[in-house]
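Keeping their order, the protein sequence lines are chains F and X. Residues 1 to 418 in our numbering are what the first sequence lists, from first letter to last. Residues 1 to 418 in our numbering are what the second sequence lists, from first letter to last.
Worth double-checking, as some hints may not be accurate.
[As the list claims (entries may be wrong)] 25 angstroms max Cα-Cα, derived SDA-like pairs, lysine to any residue: (1) 265/X - 357/F; (2) 106/X - 192/F; (3) 387/X - 130/F.
Note that these hints are calculated values from the structure, not bench results. Keep in mind it's a predicted model, so treat the numbers as computed, not measured.
Number of protein chains: 2
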Amino acid sequence: MVCEIVCVGTEILLGDIVNTNAVYLSKKLAEMGISVLRQSVVGDNNSRLTEMLMQALERSDIVITTGGLGPTADDITRDKCCEVMQTELVLDEDIKNEIENYFSSKGLKMSESNIRQAYVPKDGVVLKNNNGTAPGFAIEKNSKCIIALPGPPREMKPMFEESAVEILKKYSTACFVSHNVKMIGIGESLMAENAADLLEGENPTVAPYAKDGECLLRITSSGETKEDAEKKALPVVDEVVNRFKEFVYAVDEENIETVLVKLLKKHGLKIALAESCTGGYAAKRITDISGASEVFDCGIVSYSNEIKNRVLGVRKEDLETYGAVSEEVARQMAEGVRTLGKADYGVGITGIAGPLSDATEKPVGLSFVAVSDEFSTECIKIMTGRKDRDYNRYVNGSRAFDAVRRKIIRRYEEQEEL
Amino acid sequence: MVCEIVCVGTEILLGDIVNTNAVYLSKKLAEMGISVLRQSVVGDNNSRLTEMLMQALERSDIVITTGGLGPTADDITRDKCCEVMQTELVLDEDIKNEIENYFSSKGLKMSESNIRQAYVPKDGVVLKNNNGTAPGFAIEKNSKCIIALPGPPREMKPMFEESAVEILKKYSTACFVSHNVKMIGIGESLMAENAADLLEGENPTVAPYAKDGECLLRITSSGETKEDAEKKALPVVDEVVNRFKEFVYAVDEENIETVLVKLLKKHGLKIALAESCTGGYAAKRITDISGASEVFDCGIVSYSNEIKNRVLGVRKEDLETYGAVSEEVARQMAEGVRTLGKADYGVGITGIAGPLSDATEKPVGLSFVAVSDEFSTECIKIMTGRKDRDYNRYVNGSRAFDAVRRKIIRRYEEQEEL
Numbered sequence: 001m002v003c004e005i006v007c008v009g010t011e012i013l014l015g016d017i018v019n020t021n022a023v024y025l026s027k028k029l030a031e032m033g034i035s036v037l038r039q040s041v042v043g044d045n046n047s048r049l050t051e052m053l054m055q056a057l058e059r060s061d062i063v064i065t066t067g068g069l070g071p072t073a074d075d076i077t078r079d080k081c082c083e084v085m086q087t088e089l090v091l092d093e094d095i096k097n098e099i100e101n102y103f104s105s106k107g108l109k110m111s112e113s114n115i116r117q118a119y120v121p122k123d124g125v126v127l128k129n130n131n132g133t134a135p136g137f138a139i140e141k142n143s144k145c146i147i148a149l150p151g152p153p154r155e156m157k158p159m160f161e162e163s164a165v166e167i168l169k170k171y172s173t174a175c176f177v178s179h180n181v182k183m184i185g186i187g188e189s190l191m192a193e194n195a196a197d198l199l200e201g202e203n204p205t206v207a208p209y210a211k212d213g214e215c216l217l218r219i220t221s222s223g224e225t226k227e228d229a230e231k232k233a234l235p236v237v238d239e240v241v242n243r244f245k246e247f248v249y250a251v252d253e254e255n256i257e258t259v260l261v262k263l264l265k266k267h268g269l270k271i272a273l274a275e276s277c278t279g280g281y282a283a284k285r286i287t288d289i290s291g292a293s294e295v296f297d298c299g300i301v302s303y304s305n306e307i308k309n310r311v312l313g314v315r316k317e318d319l320e321t322y323g324a325v326s327e328e329v330a331r332q333m334a335e336g337v338r339t340l341g342k343a344d345y346g347v348g349i350t351g352i353a354g355p356l357s358d359a360t361e362k363p364v365g366l367s368f369v370a371v372s373d374e375f376s377t378e379c380i381k382i383m384t385g386r387k388d389r390d391y392n393r394y395v396n397g398s399r400a401f402d403a404v405r406r407k408i409i410r411r412y413e414e415q416e417e418l
Numbered sequence: 001m002v003c004e005i006v007c008v009g010t011e012i013l014l015g016d017i018v019n020t021n022a023v024y025l026s027k028k029l030a031e032m033g034i035s036v037l038r039q040s041v042v043g044d045n046n047s048r049l050t051e052m053l054m055q056a057l058e059r060s061d062i063v064i065t066t067g068g069l070g071p072t073a074d075d076i077t078r079d080k081c082c083e084v085m086q087t088e089l090v091l092d093e094d095i096k097n098e099i100e101n102y103f104s105s106k107g108l109k110m111s112e113s114n115i116r117q118a119y120v121p122k123d124g125v126v127l128k129n130n131n132g133t134a135p136g137f138a139i140e141k142n143s144k145c146i147i148a149l150p151g152p153p154r155e156m157k158p159m160f161e162e163s164a165v166e167i168l169k170k171y172s173t174a175c176f177v178s179h180n181v182k183m184i185g186i187g188e189s190l191m192a193e194n195a196a197d198l199l200e201g202e203n204p205t206v207a208p209y210a211k212d213g214e215c216l217l218r219i220t221s222s223g224e225t226k227e228d229a230e231k232k233a234l235p236v237v238d239e240v241v242n243r244f245k246e247f248v249y250a251v252d253e254e255n256i257e258t259v260l261v262k263l264l265k266k267h268g269l270k271i272a273l274a275e276s277c278t279g280g281y282a283a284k285r286i287t288d289i290s291g292a293s294e295v296f297d298c299g300i301v302s303y304s305n306e307i308k309n310r311v312l313g314v315r316k317e318d319l320e321t322y323g324a325v326s327e328e329v330a331r332q333m334a335e336g337v338r339t340l341g342k343a344d345y346g347v348g349i350t351g352i353a354g355p356l357s358d359a360t361e362k363p364v365g366l367s368f369v370a371v372s373d374e375f376s377t378e379c380i381k382i383m384t385g386r387k388d389r390d391y392n393r394y395v396n397g398s399r400a401f402d403a404v405r406r407k408i409i410r411r412y413e414e415q416e417e418l
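The whole structure should be built from the sequences, with the hints applied where relevant.
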């Protein structure tokens, strides 16, 4: 079974918006074992959309469209899908009432054009939109299937999960599962080298990936059922986790900050952050997570030597002797903010994020990240060799969070195992 | 003249990467007055790519491809473009030498497969790759044009700017220029209402857009030359700027933080930030800008009442009486951090970012943003009505930066005009 994705919208062709719908759908379909042959984008144009849909249906079993389901005259996906599937639009009274209720609940008057959205294909199934007014639909006819989803991602994604997946299941030839074993502190090539035997496997396959400051091994298996596929994947996941030990910060978790906040919560611990080059980015990432206030009270962005000294207590003579970007200063920042914030763990981050170097001879991409608890302070030296400010600032935060994670695990979890 | 964009790469169809090349090229082509009819993505598959290119050339005058120019066997764009344009590949000795030098300069050995990249179309023009080894090319034949660019954006974009633009100029029917007048503190519908007469214009066109916490009017004009187009746009840009006065924070500048940092630099001023709900996000945005250390020394993330009191000096009784999310607390945060950081302007941000409410009865999306200088402190109350944590945190920062911008302008720039 093969599938094509057709995204409808002149605004995509004008480069006004990035087509994130295509990447989302491709990923989800790959997980279901449905091959995507093409992604296409076409404007809100009658003849071009008709031509596109006709050709797509000739080549593929399933066509998934996004966009063009709104109330205005240039929203033509509904009409064109019916045309190519040889069916017609009929008024759905329930949907009409729902749209009317949606507007009156917001104290707004429904315009005539909104009624357009209550027309649905006669031979189709309506897909409910729980996050907007435009319903989607599916038409299955003559061994072909069209599924039409709305354009806005926050309407499209839930509709896909809640309704389209159920329809697509019968086209799925196999079940696929993927697990990502995520690592910090090891490079992609070394990781791949140490996993060389696993990379040759066929079911599951194991593939290395790298992204900013971290890398991962993705284990993907297929089976007749999801359980069947899981059974094949899990021993390899375990093997990878055991082989890479302390480098592994998560299996499938979104990111290191999520992992760290969970770990701090689990042990009832608090963290305080002192940032120089990251300038609040580390605190931002911790507080991205709702409920971070349980584990985080105090962050200091000390972007000058004077603030490092006066607020965090870094010694003036060390700032002069070693410079702001030094192990000594990182350690004192970590210790200072731990005391000031009355936290269990203090973090100090200082570095040269770039793109330009500072007045010293230190290279862009050099950073020191220190982590302090009541017993000791440790410091990592990082040299990314890159002049990319965003990258350097992101990596510093990730390495700091990972260092705290390792320190907590050594103290609270490895002890327990003895 | 119409154009299609064909992106080649199985990894895009698998949803492993977002296709940012398509949005970049679409935007650039629109600016040149070249209409993009379709964007397509196809995998690294011989027959499918050939079919795609044949169909694209039938429909369109220009086809721009990205990807598939690498050294491995699944990089097939070179071969397929030659096939559909009825030409052949020939070895280019200069490129071969360049690739050899590239590898030896990095101390690496060139593999045999890299020689593939030195083959270029016999009837084509080579586009130099200054950021990688794979050259691009253009073939113009029988009133059709194919331009092949590499897949990695950091190679593709410079090659497009440096070489492809020159070739495409002759297909451009008109020159387009666009200017964005960006505003904070006014809603999109009110903005559109007040610009109703301008929205009816044809050259330039004026279109309203909204994005997180701000909105803009885009003025787009066309002319035979760029200067000609500019001449048509500028009076309308001036009219919009004059009409919306203090709401306008920039014309074409990237964002409010860039505008604020420039304004602070211009007047030799420093800002200090006290953040609760934004949790470092505002400081992160200021320090995203290289050179921010000229205007920013001190940021405090006070994520608990205790830190608000002990570090920033917010009165305990006010925290108890009014709660952390209140005008009183925002004002004291702004004043406290101004004093602590010895800055000209102090900012205090406190709110309920969501998605969940706190223990009080205050609604998610409620925030107070205060700005303090040596003479006065002002406070804005924000109610976004949204539960989206990212959105609320972003908007709070933008509104705070804009409030500082307005306060500086009132004090340092409007006085001068008297």
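Quick rundown of the hints versus the structure:
1. 265/X - 357/F: This hinted pair holds, its Cα atoms lying about 20 angstroms apart.
2. 106/X - 192/F: holds, 22 angstroms
3. 387/X - 130/F: Given pair residue 387/X, residue 130/F holds - Cα atoms ~16 angstroms apart, limit 25 angstroms.
Taken one by one, the earlier hints all hold for this structure without exception.
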